[in-house]
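Peer 1: What follows is the residue order along each chain.
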Amino acid sequence: MTGLVAGFAAFAIGSAFVGGGYASNLILWIAVAMLSASSMRFVLLIGELNFATAAFYGLGAYSAGVATTNFDAPFVVALLGGGVVAAAISALFGFVTLKTKGPYFLLIGFAFTEVMRLVYSRSNALGGNSGMVGIFPPSAIASWFPTVAVTIAGVVIVALYAIERSSLGKLFVAIRDNDQVVQSVGISVHGIKVTCFVIASFAAGIAGSLHAFANNVISPADFGFLLSTFALAYLKVGGEDSVFGPIAGAVLLVLLGSVAMGMGAGEHIFYGAAIVLAVLAMPKGIVGLVAALGRQVVRRPRAVAARPAR
Amino acid sequence: MTAGRVLASATGLTRRFGGLVAVSSLDIEIREDEILGLIGPNGAGKSTTFNLLSGFYKPSAGRLFFDGIDITGRKPDVISRMGLVRTFQHGSLMRSMTVRDNLLVGALGGLRGQGRKACERRVDETAALLGLGHVLDEVAGTLPHGQQRLVSIGIAFAPRPRLLCLDEPLTGLNQTEVHATLAAFREIRTQFKSSILLVEHNMKAVMQICDRIVVLHHGQLLASGLPHEIRRDERVIAAYLGTRRAE
Numbered sequence: 001m002t003g004l005v006a007g008f009a010a011f012a013i014g015s016a017f018v019g020g021g022y023a024s025n026l027i028l029w030i031a032v033a034m035l036s037a038s039s040m041r042f043v044l045l046i047g048e049l050n051f052a053t054a055a056f057y058g059l060g061a062y063s064a065g066v067a068t069t070n071f072d073a074p075f076v077v078a079l080l081g082g083g084v085v086a087a088a089i090s091a092l093f094g095f096v097t098l099k100t101k102g103p104y105f106l107l108i109g110f111a112f113t114e115v116m117r118l119v120y121s122r123s124n125a126l127g128g129n130s131g132m133v134g135i136f137p138p139s140a141i142a143s144w145f146p147t148v149a150v151t152i153a154g155v156v157i158v159a160l161y162a163i164e165r166s167s168l169g170k171l172f173v174a175i176r177d178n179d180q181v182v183q184s185v186g187i188s189v190h191g192i193k194v195t196c197f198v199i200a201s202f203a204a205g206i207a208g209s210l211h212a213f214a215n216n217v218i219s220p221a222d223f224g225f226l227l228s229t230f231a232l233a234y235l236k237v238g239g240e241d242s243v244f245g246p247i248a249g250a251v252l253l254v255l256l257g258s259v260a261m262g263m264g265a266g267e268h269i270f271y272g273a274a275i276v277l278a279v280l281a282m283p284k285g286i287v288g289l290v291a292a293l294g295r296q297v298v299r300r301p302r303a304v305a306a307r308p309a310r
Numbered sequence: 311m312t313a314g315r316v317l318a319s320a321t322g323l324t325r326r327f328g329g330l331v332a333v334s335s336l337d338i339e340i341r342e343d344e345i346l347g348l349i350g351p352n353g354a355g356k357s358t359t360f361n362l363l364s365g366f367y368k369p370s371a372g373r374l375f376f377d378g379i380d381i382t383g384r385k386p387d388v389i390s391r392m393g394l395v396r397t398f399q400h401g402s403l404m405r406s407m408t409v410r411d412n413l414l415v416g417a418l419g420g421l422r423g424q425g426r427k428a429c430e431r432r433v434d435e436t437a438a439l440l441g442l443g444h445v446l447d448e449v450a451g452t453l454p455h456g457q458q459r460l461v462s463i464g465i466a467f468a469p470r471p472r473l474l475c476l477d478e479p480l481t482g483l484n485q486t487e488v489h490a491t492l493a494a495f496r497e498i499r500t501q502f503k504s505s506i507l508l509v510e511h512n513m514k515a516v517m518q519i520c521d522r523i524v525v526l527h528h529g530q531l532l533a534s535g536l537p538h539e540i541r542r543d544e545r546v547i548a549a550y551l552g553t554r555r556a557e
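Residue numbers (the numbering used here), protein chains in the order written: chain A, 1 to 310; chain B, 311 to 557.
These are calculated hints, taken from the structure and not from any lab test. Treat the hints with care, as some may be off.
[To be verified] Computed list of lysine-lysine pairs in DSBU-like fashion (alpha-carbon distance at most 30 angstroms, straight line):
(1) A:LYS99 / B:LYS368
(2) B:LYS385 / B:LYS503
(3) B:LYS503 / A:LYS101
(4) B:LYS385 / B:LYS368
Chain B with its partners taken away, still in its complex shape (with noise of 0.2 angstroms):
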């Protein structure tokens, strides 16, 4: 279990859209150097979630932390010069780009103001830990989909954020890239001490990366523990089985 700082946090988040309550009185922590697994069937608000923690909806109610400061209401750049970048699920980078160029904009974003030259080592280095090296002169939509992802995570990594927020970043990948993937994950936390959130529909891998797991249900939190908890835990079972399951 880790024990570390407490990194980003929100209390009491709500958002509704008109009568629907998409998240509902939600407290979640994420802590310095971990990597969260955020989870739960399709329609459980997770990716609303995301939205509200990165600043692209503003909550219904409740409030935000990044790093002890209150961010609640803050516009979705100023959060990521904080420390706090998200990706897309569906096409989160420039399509019509080199992946180079791709990178750069997230380096831009990062290194405001501190040269050219230090966005392009900044390039090289990201493009390095996620093996993109020998594609980065090809224009990124013309790319297979696994490398699209790869570019996507390089997009948001790129300014060397402290909380990184993928979201189904390893949809649509074959076995391999997953793997990769999964080792750059885990680079990203050891060598650049980033924390992760990870949303995630492939179960095997969130168990096998993930320090914590939180479940989310219609909205509110079902269950939050380690991997082996969270595999063993009835509620959970039931959210994504069917309640038949637990008779």
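The shape of chain A in the complex, shown without the other chains (with noise of 0.2 angstroms):
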């Protein structure tokens, strides 16, 4: 808990002093993606791969938007009103869809992102398929809004990590574990799910809120959901049993996208590529690579002498 608040402490400071520039566009986009990993692993928790994510991004961009640009409302206002929207409609969507498991609620989630998506782009107020401009952080923060996005995303993600860690947390992976178990010591397994779902979706809305504030311009193609396929790599390549893991995988990703960028037509394949080699070479991600690697340490002197002879 503590290395994960100095970690963010230190990525804040350390950004703004990169100024501006692509470098801290970069550190911008690094948050977004992590807070969208981290919103994704903390359906894991409950044993669920949530293709939703995507859904609740855009709803929490959409809303920041609709906020800032018809309404003139306070950034806070309009960046807590992305969380608070995406959590009430997941709500809703939830309560309905978590009596379903597995690969089934995985496809439910796929098919509202797609929904949602074609919502946007056939609703006039919310400027069709060209979408909404001029989204813009306001004036005083906006020099260094990669420090405070930083600044968000971490107080966010150490706020998922505190749940995760308290008996609501527990209950949880208990749930992903055995929820018949759960269920018959009295604990509504169902209410637990959607308490978990709910909140995982407040956080994608506000990692779609920084989005729209980064990009000032959002449309209905930015949230189909190759955004949730994205998440769910950062997630894998940086590893999913830790809390670290879909932020070593954020910062890997989108650093190797941003050299793919400039190899025209490579790009995808490069990519593509660089995403399966981590998930073969790292079945437990970046963290768990490194976490082996530091018991190989701890051991070696023993296991070179106790090492069988195979």
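Two chains, two frames, a set of hints: combine them into the complex.
Peer 2: In structure tokens, the structure reads:
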């Protein structure tokens, strides 16, 4: 916990010294990517792969957009509004769909994401296919918005981690392990699952808000299922077992993505190959690899002597 | 013979799976402060009865009562909060979590909203009762089979149910473990005043610990009575060993 907080503090302070330009923009997108992947990981605590992450991210972005451009709402209201709207709609969505599990839940999330994308593009009030423009952070923070984004993402990720470590978080993992036993001691499994889902969707909504302020422009195509796929890639490459996994995965893949950007047609091939290699070489992700190396270093003196001949 | 008040009962309890009648017009009573054995050959309908009592299956016909309240058709978590908690025959624990967290889940079920401190005390008390104090920080899935069984019982007893329903808790335990587990059952009954419904194949243990025994056969009530009565019952012997024994 302390490590996580210290890491984000360092990241935020460091980002303030980068100044403007491309590097600070990368930091901004890394922060957003971390948050969406952490939201997806949070639902994985109850054992479900949430492909509706993109839908709630999109709802957050559009809510922030509407609040800022149509209602001139203050930044904090628009930012939190994105999270609150996503959470409110996810409560309804989760209540209905979390009665299903596994591939069924995944497919429903996928379908919901695509339906929301169509809703935005058919809705004139939301700008149809061309989307919304002019979603700017207040001028006072505009110049160091990356630092603001890292701080906000850090606060939300630390809060998610605090919940994960609480009694409620233990119930999430218990449901993933054996939902029948949890129900048998008198706990409403469905209620706990919906709670987990709503909290994660709030985080996804905040990530969407940050996206809207970071890009200033949003359009339906930004929030398709590909966004969930990227969140899953950050999670798998970083390692889903640890809270640091989505963070490490987002840093590596967003950086690789920016390298690939200069390759023209080779971009997608390079990026795809990087994901395949990362998943094959590190089945437990970056965090798993680091942990294994750490154990190796500690054990080495004895392990060499005791290694059986095969 | 215990003559306590009736804690839970079923009347005309029936469950059909397609054409198969797994439990048929069963009447059964569990009293306060007793250990009731539910026995019968494989396929007699013991597990189905268990699932019906705890709300995991809905009865096709008949009614269920707990503490005088009709609980027919209620959800498992609702019935559990009223004070009827069951274990499962296989893998009734969270394998990836520590023993402490396993018991904590049970305690959270019984002590909703009473704070972490109360739950931690409950965890320690339950661990002490079942002799799990020294493995609290081990991951449950890595423990030997016998201790995993005890963890399952601990999870179910952590909410302090008034009726604890145990589905074959002694399977795969060695003699020492059986002995210790039976001692824990006695303490659950005497110290905590909980009743126990015990489904078990270990006849020696059932005869030793149960106040009364109910025998199921082909989904129907075959016999009920005190252990020494059941042991000598011709119908029970025939059901277990086949009819030639009765010739």
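Peer 1: Check the structure against each numbered hint from earlier and tell me which ones fail, lowest number first.
Peer 2: 3
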